[in-house]
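This is what each chain is made of:
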Amino acid sequence: MHAFLKGGSAALERAKEKSASSSGDKEEPAKKTRQVPWVEKYRPRSVDDVAYQDEVVAVLKKSLQCSDLPNLLFYGPPGTGKTSTILAAARDLFGPEMFRNRVLELNASDERGISVVRDKVKRFSQHTASGTRPDGKPCPPFKIIILDEADSMTSPAQAALRRTMEKETKTTRFCLICNYVSRIIEPIASRCAKFRFKPLSEETLTKRLLGICEKENVSCDDEGIKALLRTSEGDLRKAITYLQSASRLKVEETITEADINEIAGVVPDEVLDDLIMICSSDSYEKLDTGLRGLINDGYSASQVITQLHEKLIEKEDLTDKQKAVIFEKLAVVDKCLIDGADEYLQLMALFTTIMHQICHG
Amino acid sequence: MTTEAKKNSNLPWVEKYRPKQLDDLISHADIITTIDRFVKEDRLPHLLFYGPPGTGKTSTILAVAKQIYSPKEFNSMVLELNASDDRGIGIVRGQVLSFASTRTIFRSGFKIVILDEADSMTNDAQNALRRVIEKFTENTRFCIICNYLSKIIPALQSRCTRSSVDTCCYKAQNNYHVLCIYVDVLMFIKTLACCSVNITGDGMKAVVTLASGDMRRALNILQCTHMAYDCVSENNVYTCVGHPLRRDIENIVNWVLNEGFTVAYNNIFDLKTAKGLALQDILREVHLYVHRIDLPVHVKMHLLEKMADIEYRLASGTSEKIQLSSLIAAFQVARDLIVQEAS
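Chains as they are written, first to last, in the numbering used here: chain A, 170 to 530; chain B, 4 to 346.
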């Protein structure tokens, strides 16, 4: 019944109302869970649930035992569990009722200029925390300030954090979370224990995804899971989001590779093969038409170059020298696209380089 | 167990082992002895400390202040302002000026104003300080601490030296060099004795290399590794901070110099995923390695330039895979250059 209620289409809703008059009491909780994105629903609740990041988990577990925690700096690609880990650790340390008083979470959506660091953060860090819970059980005598997405903090604001971090260590621990550690100023990085979060391994991802499939009663074949692994590149959040979107798309049916590819916006292999073929024909007109077609189909340029990269690496009829020139250009185009350059111009530049290398290299 | 020890038990090691007095400080022997003499003769000049993070600048001046004043006097005699306090021109004119210009009734001698992280002070505020420093020399000593000397206006720099000419200070402007490795190791052994860490010889070396002269980072790495693993060995230290091992780097350089493009890419990519390494770390280590290989000058120039480009592109968040192939491409071109040279 539960799986049945998960169905999204209106026809199913109607069918359900007809078929099960007694489901009135069951309907409420089902509706509630449906609104929660799976990413939130399956966020790790305790440190033990955190997948794959063994070193951090070991350190945090030890700190749970003896409530001895250094200042932390988590960095790594998105979707590897940075925020989840520290939230889970804080929940384990303080329990749900103390969580609110003991944890200050600031992310990029909050204002975090130098004035906020001086006022809000400093004031919060100066409060003393007692070593006992309201019910008399012992708990760690410090608070945690989580600065999420710290790489988007201005450097004066980061500079203002420095002494605060040291002076208030008796009562406060800081946890900074960022994607690019190079954007954290050196004095801050030196004050923290740095942990890199690795992209998740395929086994871990598979295990998690299959677990979710089972709990949500979604069927997904092996090829589908593989497609998820390929498109998510170690980003669990992305994988779960794709899975959820796919499950809405294919109600009550098995999710296949094609569904995932469609949701992830993967460019079909034939399209790319065609383009590479065109490149070897040495005709700018054809290339121009081909590229315009590609962009009009709505494929994103960054997706195109990621896949093109995979294809060219394995391509055997290019010499290493040609590859060197092409991949150098590819890297430059990638950077330009990140900076917000025009997709058509960049792709044209890339493909003409490839054309030149294939025909005249 | 005393209450003191209990209270400190959950402090991070960085704070737990912060030097309490001048004698605890390590390295910088010349600086410490000079300051020690000043303190004993009771004629401290204005001080300007600068140097990279984690070398003990703040610790030194705090230790000095603790030595001069009793804990009771500490609050009334020392004004510590850091970047977390508002330090615009208004504060310099108000708070600093009033602190510097007043005397305490119960104690003769000077007060100390510590301006920590002074490189983040605005130029206006620094300008406003100039006369304050000179005018109240009798009453107050200033200690300016910063990472980058160039961010302190010359007028202030000269005051911190010149004002101390008569007090025979040629060393008031002190550079905190990166800590010497051996002193670091000695300090470790001392630290370890206190908290019984199980550490191996190569583990110690690994911590020292990774810290690159930053005491604070060394302690942080050590604490993490100690918490994560039972034994602090080289392997554990590197895995804990997610840093590529030396032989991984050797392998990578071997592959890019001797294997074909596809093979090199696949090998490095497999290693990268298996160990969870970041391309940025790999790049930094390979960069060091390239310095040591014997290559023709223009080939080396090409490589270093390309690697700097890749690092820049990585820093703005491009795909690691694509930048990895660009790294291999750079080495491929270098190989061609060497072949050309030979023929």
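Worth flagging that the hints you see were computed from the coordinates, not collected in a lab. Think of the CB as a built atom: it goes at the ideal place given N, C-alpha and C, for glycine as much as any other residue. Accuracy of the hints is not assured; some may be wrong.
[Stated by the list, open to error] Partial selection, computed: residues in chain B whose CB lies under 10 Å from chain A:
| # | residue |
| --- | --- |
| 1 | 56 |
| 2 | 74 |
| 3 | 75 |
| 4 | 79 |
| 5 | 236 |
| 6 | 238 |
| 7 | 273 |
| 8 | 279 |
| 9 | 316 |
| 10 | 338 |
Verification of the hints:
With its C-beta approaching chain A no nearer than about 4 Å, residue 56 of chain B sits inside the 10 Å limit, and its interface hint holds. With 10 Å as the threshold, the beta carbon of residue 74 of chain B stays out of range of chain A, its nearest partner Cβ sitting at about 16 Å, so the hint is violated. The restraint placing residue 75 of chain B at the interface with chain A is violated, with a minimum CB-CB distance near 20 Å, outside the 10 Å limit. Proximity of residue 79 of chain B to chain A is violated relative to the hint, the smallest CB-CB distance being about 18 Å (cut-off 10 Å).
Look at residue 236 of chain B: its Cβ only gets to about 14 Å from chain A, farther than 10 Å, so that hint breaks. At about 12 Å, the closest approach between the beta carbon of residue 238 of chain B and any beta carbon in chain A exceeds 10 Å, and the interface hint on this residue is violated. Against a cut-off of 10 Å between C-beta atoms, the interface hint on residue 273 of chain B is violated, since the closest Cβ of chain A lies about 12 Å away. Because the closest C-beta pair between residue 279 of chain B and chain A is about 3 Å apart, less than 10 Å, the hint holds.
Interface restraint check for residue 316 of chain B: the shortest CB-CB distance to chain A comes to about 4 Å, inside 10 Å, so the restraint holds. The restraint placing residue 338 of chain B at the interface with chain A holds, with a minimum CB-CB distance near 8 Å, inside the 10 Å limit.
Hint compliance for this structure: hints 2, 3, 4, 5, 6 and 7 are broken, all remaining hints hold.
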